[in-house]
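K.L.:
Read off the chains here:
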Amino acid sequence: MSKNDVIIEAAQLTHVYPNGAKALNGIDLRIHKGEFLGIIGQNGAGKTTLVKHFNGLLKPTGGSVIVKGVDTRNTQVSRLARSVGYVFQNPDHQIFAGSVREEIAFGPKNIGMDRAAVNESVEEAIDLLDLREVVDIHPFRLSRGQRQRLAIAGVLAMRPEVIMLDEPTGGQDREQVLRLRKVLQRLNDEGHTIILITHDMELLAESCRRAIVVRGGQVILDGTPAEVFKETEELRKTFLTPPQISRLSMALGFPAPAMSVEEAAAELLNRAGNRRSRAVV
Amino acid sequence: MPQFLFASALEEGKGSFLSRLHPTTMLIALGSMVVIIFSTLNFLALVGLLGLLFILVLLDGMPRQPTFAVLLVVIPLCIFITLIQALTDQKEIIARLNLFGFGIQVSLEGIFLGLSITLRVVLMALIMTVFFTVVHPVKLTRALYELGMPFKFAYTFVLALRFLPLVLDELATINNAQKSRGYDIDRVNPAVKVLKMFPLAIPLILSALKRANTIALAMDLKAFNAYPKRTFFISLQKGSADTAVRTVSVLAMAFFVIATCWGIL
Amino acid sequence: MSLIELENVTFRYSGATRTVLEDVSLSVEEGEFVAVFGEGKSTLLMCLCGAIPHLLPGKFSGRVRVDGMDTQAQKIAEISRKVGVVLQDPENQLFNLTVEADVVFGMENLQVSPEEMEKRLSSALQTVRMSEFRRRMSHELSGGQKQRVAIASVLAMESKILVMDEPTRELDPMGTEEVFEVLARLKEQGKTIVIVENDPEHLAPLADKMVLLRGGRLEAVAEPREFYRKIKGDRRIRFPQVTELYFQLEDKLDLGSVVPLTLEEGVELFSRV
Numbered sequence: 001m002s003k004n005d006v007i008i009e010a011a012q013l014t015h016v017y018p019n020g021a022k023a024l025n026g027i028d029l030r031i032h033k034g035e036f037l038g039i040i041g042q043n044g045a046g047k048t049t050l051v052k053h054f055n056g057l058l059k060p061t062g063g064s065v066i067v068k069g070v071d072t073r074n075t076q077v078s079r080l081a082r083s084v085g086y087v088f089q090n091p092d093h094q095i096f097a098g099s100v101r102e103e104i105a106f107g108p109k110n111i112g113m114d115r116a117a118v119n120e121s122v123e124e125a126i127d128l129l130d131l132r133e134v135v136d137i138h139p140f141r142l143s144r145g146q147r148q149r150l151a152i153a154g155v156l157a158m159r160p161e162v163i164m165l166d167e168p169t170g171g172q173d174r175e176q177v178l179r180l181r182k183v184l185q186r187l188n189d190e191g192h193t194i195i196l197i198t199h200d201m202e203l204l205a206e207s208c209r210r211a212i213v214v215r216g217g218q219v220i221l222d223g224t225p226a227e228v229f230k231e232t233e234e235l236r237k238t239f240l241t242p243p244q245i246s247r248l249s250m251a252l253g254f255p256a257p258a259m260s261v262e263e264a265a266a267e268l269l270n271r272a273g274n275r276r277s278r279a280v281v
Numbered sequence: 001m002p003q004f005l006f007a008s009a010l011e012e013g014k015g016s017f018l019s020r021l022h023p024t025t026m027l028i029a030l031g032s033m034v035v036i037i038f039s040t041l042n043f044l045a046l047v048g049l050l051g052l053l054f055i056l057v058l059l060d061g062m063p064r065q066p067t068f069a070v071l072l073v074v075i076p077l078c079i080f081i082t083l084i085q086a087l088t089d090q091k092e093i094i095a096r097l098n099l100f101g102f103g104i105q106v107s108l109e110g111i112f113l114g115l116s117i118t119l120r121v122v123l124m125a126l127i128m129t130v131f132f133t134v135v136h137p138v139k140l141t142r143a144l145y146e147l148g149m150p151f152k153f154a155y156t157f158v159l160a161l162r163f164l165p166l167v168l169d170e171l172a173t174i175n176n177a178q179k180s181r182g183y184d185i186d187r188v189n190p191a192v193k194v195l196k197m198f199p200l201a202i203p204l205i206l207s208a209l210k211r212a213n214t215i216a217l218a219m220d221l222k223a224f225n226a227y228p229k230r231t232f233f234i235s236l237q238k239g240s241a242d243t244a245v246r247t248v249s250v251l252a253m254a255f256f257v258i259a260t261c262w263g264i265l
Numbered sequence: 001m002s003l004i005e006l007e008n009v010t011f012r013y014s015g016a017t018r019t020v021l022e023d024v025s026l027s028v029e030e031g032e033f034v035a036v037f038g039e040g041k042s043t044l045l046m047c048l049c050g051a052i053p054h055l056l057p058g059k060f061s062g063r064v065r066v067d068g069m070d071t072q073a074q075k076i077a078e079i080s081r082k083v084g085v086v087l088q089d090p091e092n093q094l095f096n097l098t099v100e101a102d103v104v105f106g107m108e109n110l111q112v113s114p115e116e117m118e119k120r121l122s123s124a125l126q127t128v129r130m131s132e133f134r135r136r137m138s139h140e141l142s143g144g145q146k147q148r149v150a151i152a153s154v155l156a157m158e159s160k161i162l163v164m165d166e167p168t169r170e171l172d173p174m175g176t177e178e179v180f181e182v183l184a185r186l187k188e189q190g191k192t193i194v195i196v197e198n199d200p201e202h203l204a205p206l207a208d209k210m211v212l213l214r215g216g217r218l219e220a221v222a223e224p225r226e227f228y229r230k231i232k233g234d235r236r237i238r239f240p241q242v243t244e245l246y247f248q249l250e251d252k253l254d255l256g257s258v259v260p261l262t263l264e265e266g267v268e269l270f271s272r273v
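Protein chains in written order, with the working numbering: chain A, 1 to 281; chain B, 1 to 265; chain C, 1 to 273.
Some hints could be false.
Going by beta-carbon spacing under 7 Å, a handful of chain C positions derived as facing chain A [unchecked claim]: (1) E201; (2) Q248; (3) L255; (4) L269.
In case anyone wonders, no lab produced these hints; they're calculated from the structure.
Since the model is a prediction, treat every value here as computed from it, not as a measurement.
A virtual CB, placed ideally from N, CA and C, is assigned to each residue, including glycine.
Chain A on its own, in the form it takes in the complex (with noise of 0.2 Å):
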């Protein structure tokens, strides 16, 4: 598969659920292999019920969803599992083992990697996600930061090609946010295809590089995320704000909105050096 393969793909995706509502409304997506994009929305949009489409944990009531040419209305979770990584948002809903190494091991041992592509997996993981210095630490007593490390580790460890991420920072403070970033930077450069699903709009504007906003089973909008910040209205309409320094560069009128405090710094040095050098003339 080359790099710009779709790797996922919705077509006409609709979901209703068993009381009748309609939670996903006739959804065309294609997502690239070595994609990073990030899906914002309100809860109850239908952000979740969009992504576990992507490992079968739900199947299309309407339209259909293909994952590295496999169609998931016949395939089992389990099987998909090997391609597409599902993080929870709450790490405690996974976590269930009595070590670290016991816990990381589940999955890979679940789609059947032999010992010792699951050894050298799970240690890869712990180095990965910084979990070294707590690996001896029994898992229930880790702080919530670890236990989602550990999650993302026990994920990770499967090797799959997509990994999905539910609000990932979730009471982290900065560094650790920035340490995440940059081992989904690093897996997404090894050709891991990344989801996000966040209501960080930070977070999205300096890690992705795709934007799907959801409202009301639909996806409104799908661009680069200045693409996506320069909707006002409809952003408006989805109760979304971009991020404070997007909405201080588009009211400054820089030519594109700001991503992050360095690029509106480098934009602004800019300016004023040019300022500068007209006064000068």
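Position chains B and C against the provided structure of chain A, taking the given hints into account.
P.N.:
Leaving out everything else, chains B and C in the frame of chain A:
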């Protein structure tokens, strides 16, 4: 938890006569009914009771769906009970069959006995369902408290109603989370299923404990159980209807007990 | 005398090796809106409401005075008349079946009369803009609505002080807006609020004072502009992005000495560049 529970009670003043009665009245009625049901095995008496109950449900104005839904669940059990009784009872044999080399006899008395037991089960299920459809849980809590139950215990019921659905939801989420790690409990050999429950049971138990802890803290911070007595926002009214229902319940109970003892029923 | 006074408070949780709070002294005046950051922030909040030392086991020393009342010497119930607490997860704070039942719960425990309860109930629901939801079942509400009901249930107890531990953490952006809108209104009404939150954009304009705890000790206490200047290099605290932009450029451009906290201030300042 089914949505119907307390549906009638919480829709204040909407139709159901029974939901306007004082909870203690309903407790007395419930108690009397239980005594009546277990005081007699007279088939006709029990059928009569069933008929009365149906009329009550239809006339009252409470949501009917739950009552009938419960019946559907109970019917298979009843057929089973009747069959056992019919085939094992020795009196009044009405038929003898030969099935696969086994001699089977069908007893008429057995059939009626089976049906009576069945009716008891059905009646119990029905009155419990009716009770929980029409009695307001908060009013019940207050009534129990005023009857002498420590508030902590009376209140447990409300807590269970509120949080049990959440715990069940959480189990579904945990199941999904572990499925996403390649773990599917439904595809596991039933013989080892119990052992394989850990990845689901542990997170569930821990979550439930954490939740209980937080709730306890939040409740204490709202002065729960701080004083021996507490006031209530919701008021309980007793009217003439209550007196009437209580009197009828007690009289009916007395009648059935005496009649059974004297052999009339 | 300040409304809240912490004197040399030291606390270590049972079974833990490190102390979480080390010799912390702090005062909060009536009507102040204080934001707490750093390690031990939640523990500090728990000391304010009496959960420490009464409900959470550990070794506590020092003194906490709330509206003149020593928290160690009083029962939790009495402290709850002065300090109302809103926790992170809205789900676990609504234990009753309906909105109404949850708002009156605390009052019932405190033996308030039914007539008084009705008054406070209406008033509290009004303040959080949830009056039409009075008879609704709690499980039908959105996260933001649930959290507002939790706030109302605490307002009904008429405590002067509100302590809030990450009330918007579990909420979506709309819910977060709803809660901060209520907080702004409560501040206007003169309530004293001590909050732990990770939303600098919403906090900065509301906070009168910001507190940083590091290694259990009080490292900085100041009003926002001064606070951010003091903790400039700290990579663990999230700053409002305009504030951060200011600090990144203050040595390179002539930006004046006033630290911007809000978008409006940022636009005003940086448009002159």
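K.L.:
Given L255(C) as an interface hint, is the shortest Cβ-Cβ distance to chain A below 7 Å?
P.N.:
violated, 10 Å
K.L.:
Just to be careful: measuring from the Cβ of Q248(C) to every Cβ in chain A, is the smallest value less than 7 Å?
P.N.:
holds, 5 Å
K.L.:
Return the status of the interface hint for E201(C): holds when the least beta-carbon distance to chain A is below 7 Å, violated otherwise.
P.N.:
Holds, because the Cβ-Cβ distance from E201(C) to chain A comes to roughly 5 Å (cut-off 7 Å).
K.L.:
Hint check: is the beta carbon of L269(C) less than 7 Å from a beta carbon of chain A?
P.N.:
Violated, because the Cβ-Cβ distance from L269(C) to chain A comes to roughly 10 Å (cut-off 7 Å).
Violated hints, listed in ascending order, are 3 and 4; each of the other numbered hints is respected by the structure.
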